Amino acid sequence: MKGIQRNHLSGISLILAISLSLPPFRAFIINDMMIQMDVQIPLLTLTGILLKVPNKLIFDKLNRLNSYGLSSFIFTQVVLAYWMLPISIDRAVIFWQYDVAKNFSLILCGINIRVAFTKSTLVMQLFFLGYFLSMMTWIGEFYLQSNERLCNVYTQNSQQNAGLGLIFIAATVFFIWMYSNIKNRSLY
Amino acid sequence: MLTKSNLEVKHLSSTFICSAITLVIGFLILGLATDFGKSFTTEGYRRHQIDRHPESIPNLLLQNENGQKVYLSDSIKKDNRFVLLNFFYTSCKTICTSQTTIFDGLQGKIISKKLEDKVRLISISFDPEHDDAEAIRKYSKQVDANQTIWNIFTLQNPNDLNLLLDQFGIYVIKVPPFNDLDHNASLHLISPQSKLIKITSLEDVDDLFSTLTNLL
Numbered sequence: 001m002k003g004i005q006r007n008h009l010s011g012i013s014l015i016l017a018i019s020l021s022l023p024p025f026r027a028f029i030i031n032d033m034m035i036q037m038d039v040q041i042p043l044l045t046l047t048g049i050l051l052k053v054p055n056k057l058i059f060d061k062l063n064r065l066n067s068y069g070l071s072s073f074i075f076t077q078v079v080l081a082y083w084m085l086p087i088s089i090d091r092a093v094i095f096w097q098y099d100v101a102k103n104f105s106l107i108l109c110g111i112n113i114r115v116a117f118t119k120s121t122l123v124m125q126l127f128f129l130g131y132f133l134s135m136m137t138w139i140g141e142f143y144l145q146s147n148e149r150l151c152n153v154y155t156q157n158s159q160q161n162a163g164l165g166l167i168f169i170a171a172t173v174f175f176i177w178m179y180s181n182i183k184n185r186s187l188y
Numbered sequence: 189m190l191t192k193s194n195l196e197v198k199h200l201s202s203t204f205i206c207s208a209i210t211l212v213i214g215f216l217i218l219g220l221a222t223d224f225g226k227s228f229t230t231e232g233y234r235r236h237q238i239d240r241h242p243e244s245i246p247n248l249l250l251q252n253e254n255g256q257k258v259y260l261s262d263s264i265k266k267d268n269r270f271v272l273l274n275f276f277y278t279s280c281k282t283i284c285t286s287q288t289t290i291f292d293g294l295q296g297k298i299i300s301k302k303l304e305d306k307v308r309l310i311s312i313s314f315d316p317e318h319d320d321a322e323a324i325r326k327y328s329k330q331v332d333a334n335q336t337i338w339n340i341f342t343l344q345n346p347n348d349l350n351l352l353l354d355q356f357g358i359y360v361i362k363v364p365p366f367n368d369l370d371h372n373a374s375l376h377l378i379s380p381q382s383k384l385i386k387i388t389s390l391e392d393v394d395d396l397f398s399t400l401t402n403l404l
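If you read the sequences in order, they're chains W and L. Everything in the first sequence is counted per the numbering used here, starting at 1 for the first residue and increasing by one. Everything in the second sequence is counted per the numbering used here, starting at 189 for the first residue and increasing by one.
Hints may contain errors.
As the list claims (entries may be wrong) - Okay, the calculated bits of chain L under chain W, using three or more residues with CB under 8 Å as the criterion:
| no. | segment |
| --- | --- |
| 1 | 214 to 223 |
| 2 | 227 to 236 |
| 3 | 302 to 309 |
What the hints assert, rightly or not - Derived SDA-like pairs: lysine to any residue, alpha-carbon spacing no greater than 25 Å straight-line:
| no. | chain 1 | residue 1 | chain 2 | residue 2 |
| --- | --- | --- | --- | --- |
| 4 | L | Lys-281 | W | Trp-138 |
| 5 | L | Lys-362 | W | Gln-145 |
| 6 | L | Lys-226 | W | Trp-138 |
| 7 | L | Lys-281 | W | Asp-32 |
Bear in mind the hints are in silico, worked out from the structure with no lab data behind them. Here the structure is a predicted model, which is why all the values come from computation and not from measurement. Heads up, the beta-carbon is just placed ideally off N, CA and C, and yes, glycines get one too.
Starting from the given sequences, assemble the full structure and let the hints guide the process.
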C-alpha cells in the first residue's frame with residue numbers, strides 16, 4: 001500500500017518536472033534561473049527518491065558493487081555537482097540534448113540517493129551530506145553576491161534569486177535529514 | 189547478530205573498485221564540461237576556445253553610417269588592419285554608455301599612439317530592426333566617431349541577426365521590467381586576416397590594447 005502511494009507521488013513529481021522541459025512550459029526555465037535550478041532540478045531528484053525500485057535489484061544483484069551505498073553516493077555527488085555549474089544549466093537551455101540528459105541523470109541520481117541512504121551508516125551520511133550541502137551553500141552564496149553575470153541566458157537578478165533558493169534548499173534538506181534521524185534512531 | 193554492517197562488509201573490495209571507477213568517470217565528465225577546471229561559465233569557455241582556436245568572422249552584408257553596403261569579412265581583409273569590435277544598439281540606456289566611453293578612449297589612444305593605419309574600431313548594432321542607416325549616422329555623430337578609425341554598422345538584412353549572434357557566440361536576453369537588452373557581448377579582437385583571436389570584458393580593455401600593441 002505504502003509503495004503504491006510513493007509511486008504516485010513520484011509520478012506527479014515526474015510529470016511536473018518533465019513538463020518544464022517541454023514547450024510551452026519550457027519558457028519558464030528559459031526565463032528564470034530559479035525555476036530551473038530550484039524547482040525543476042529538485043523535482044527531478046525527488047522523482048527518483050520517491051520511486052519504488054524493486055528491493056531485489058538493489059540488495060541482491062547490484063549489492064556487490066554498492067556496499068554501504070558508497071558507489072551511489074559518489075554517483076550522486078558527481079551528477080548534482082555537474083548540474084549546479086552555470087555552464088551546465090546554460091547548455092540545458094540552449095541544447096535540448098543536454099536537457100534530456102539532465103532529466104535522465106537527475107532521476108537516476110534520486111534513485112541512487114534513496115539506495116545510498118538505505119544502505120549507509122549515519123557517519124557516511126553525515127560525511128557526504130555535509131560535504132554536498134556545504135558546496136551547495138557556497139555555490140548559492142556565490143551566485144547571490146557575484147557581480148558577474150555567470151550564465152549567458154539568465155539575468156543577474158535571476159541568478160541572485162537562484163542562489164538564494166539554493167541556500168534555502170540546502171538548509172531545508174539538512175533539517176529534514178536531522179529530523180528524520182532524531183525520530184528514527186536513538187542517539188548512540 | 190545480523191546487523192547492517194555484517195551484511196555489507198563482504199563486498200568492500202568490489203565496492204571500492206566500482207566507486208573508484210565512478211569517481212574517475214565523474215571527474216572526466218566534469219573535466220570535459222569545464223575544460224578541466226578552466227571555465228565554469230559558458231562565456232569563460234567560449235573565450236578559452238577562441239584563445240586556442242581563432243575562428244573566422246562571418247561575411248555578412250552590412251550598412252555603414254553613410255548608407256554604403258559593405259561585406260564584413262571582405263572589408264576587414266581588404267583594409268588589412270587589426271579590428272576591435274563591439275556590439276551595441278542605439279536605444280540602449282544603461283549598459284551601453286560605458287561601452288561608448290571605452291571606445292571613445294580607444295579612439296583617442298589610437299590617435300595619440302599614431303596607430304591609425306594599424307588598428308580600426310568597429311561597432312555593429314544587434315537591433316537592425318530599429319537601427320537603420322539614419323539611426324547609426326546619428327549615433328556616429330553623437331559619439332564623435334572618426335570615420336577613418338571608428339566605423340559603425342548595422343545589418344543590411346535583419347534576418348541575418350541570428351547568424352551574426354550565433355557566430356560570435358552572443359546571447360541577447362530581455363531584462364524585466366523595462367525589457368532592456370542585456371547580452372554577453374564584450375570586446376572582440378580580430379586579425380587583419382579576419383579571424384577572431386581574442387575576446388575580453390570591457391574592464392580589461394587596457395590589457396587587450398597592450399596585447400594588441402605587442403602583436404603589431
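**Prompt:** Among the hints numbered above, which are violated by the structure, and what are their numbers in rising order?
**Reply:** Hints 3, 4 are the ones this structure does not satisfy, whereas the remaining hints hold.
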